[in-house]
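Work out the full structure: start from the sequences and follow the hints.
Anchor point for the sequence shown: position 135 equals 135 in my numbering, and the numbering is continuous, going up by one each time.
It is worth saying that the hints were derived from the structure and are not from the lab.
Model, not experiment: these values are computed from the prediction.
For glycine and all other residues, C-beta sits at the position ideal for the given N, C-alpha and C.
Accuracy of the hints is not assured; some may be wrong.
For lysine-lysine, the following DSBU-like pairs were computed, each having C-alpha atoms within a straight-line distance of at most 30 Å [what the hints assert, rightly or not]: (1) K116 / K51; (2) K51 / K37; (3) K37 / K116; (4) K181 / K37; (5) K116 / K181.
Pairwise CB distance ranges (calculated) [said to hold, decoys possible]: (6) P29 / T126: 44 to 50 Å; (7) T290 / E169: 17 to 23 Å; (8) W55 / A262: 42 to 48 Å; (9) G168 / E50: 29 to 35 Å.
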Amino acid sequence: MTDADLRFFVLGAQKSATSWLYYCLRDHPEVVLPSAKIEHGYLGSPLYEEKGHAWYLDRFPEAPAGAVGGDVAVDYLLDPDAPAAIAAHVEAPRLVALLRNPVDRLVSAYFWSLRKNQLDNEPLDTHLGFFLNQGVGFPERHQNRFVDELVTRGFYGQQLEPYIDRFGEDSLLVILYDEVKEDPARVVERVYRHIGVDPAFVPDSLGTRPKVNTRNRAVIALERLTKGRKLARVTDRMHRLLSKVSEPPKEMTDRQRADLLARFEPHIRHTEAVLARLPEANRPVTTDLTDLWT
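Here is the structure:
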């Protein structure tokens, strides 16, 4: 793999079906992705800076003639230095972002962070208080970055804008999580077309569901105690099974949800303004996110 083979980057957002898209991309015979999915090994990450560019390129298998190389990591969207890191090696990348209702994303990320021992195993209410006591836009930052990222990863407008400013409006394709749920085949076709591979290819992973976290706290507690890939795979299967057979408990009241969405409002408006800059073919099915999400 060389810099010349790198053509596209899936930027995030976290908990917005990026893993599902990763597998759909991996299935395509014209696409080359890193051999191992290391989220924190993205271009410009602290791990990248430690290991070096040769290490990053060595993560990719040999690219056959005509293949398109790319990377998928949700921190491309969060890290403000990532656009410059990409630009240092790829002149005109094709970019893809998947966005989700920021409150739904927050709840999903909360349970994911519990599973990964990034947050104390406390009710979501414990963390919501800090955010609900703020003004519109969440102007205050939490000292625990994993708590803080529950909201900041939903500031899509300010995260996408630097990419558009640097690489141009035509570089970015934006998909909504709602589109993945409603018409995954159409989503995959659009992504393939955007990155320059055969859009008619149907991946084996198309019919798989985007990852869903169960909210069963007994399984979460077990997973927090386990170490090793085999046990992690077992608990992951338990999460998937329980998400299919049981309704998740309600983690926030309707009032809390409405209050959070009200505080996200300027960020949603900013995202709408950024989407309006894109060519129509690169926009999601709707750019009226206020109506869709609130």
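How the hints compare with the structure:
1. K116 / K51: holds, 24 Å
2. K51 / K37: holds, 16 Å
3. K37 / K116: holds, 16 Å
4. K181 / K37: Cα-Cα ~23 Å, so holds.
5. K116 / K181: Since the Cα atoms of K116 and K181 sit roughly 25 Å apart, the hinted pair holds (cutoff 30 Å).
6. P29 / T126: 44 to 50 Å: holds, 48 Å
7. T290 / E169: 17 to 23 Å: Hint holds: Cβ distance 21 Å, inside 17 to 23 Å.
8. W55 / A262: 42 to 48 Å: Given about 45 Å between the Cβ atoms, the range holds.
9. G168 / E50: 29 to 35 Å: Once the Cβ atoms are compared, 31 Å apart, the range 29 to 35 Å for E50 and G168 holds.
Violated hints: none; the structure is consistent with every hint.
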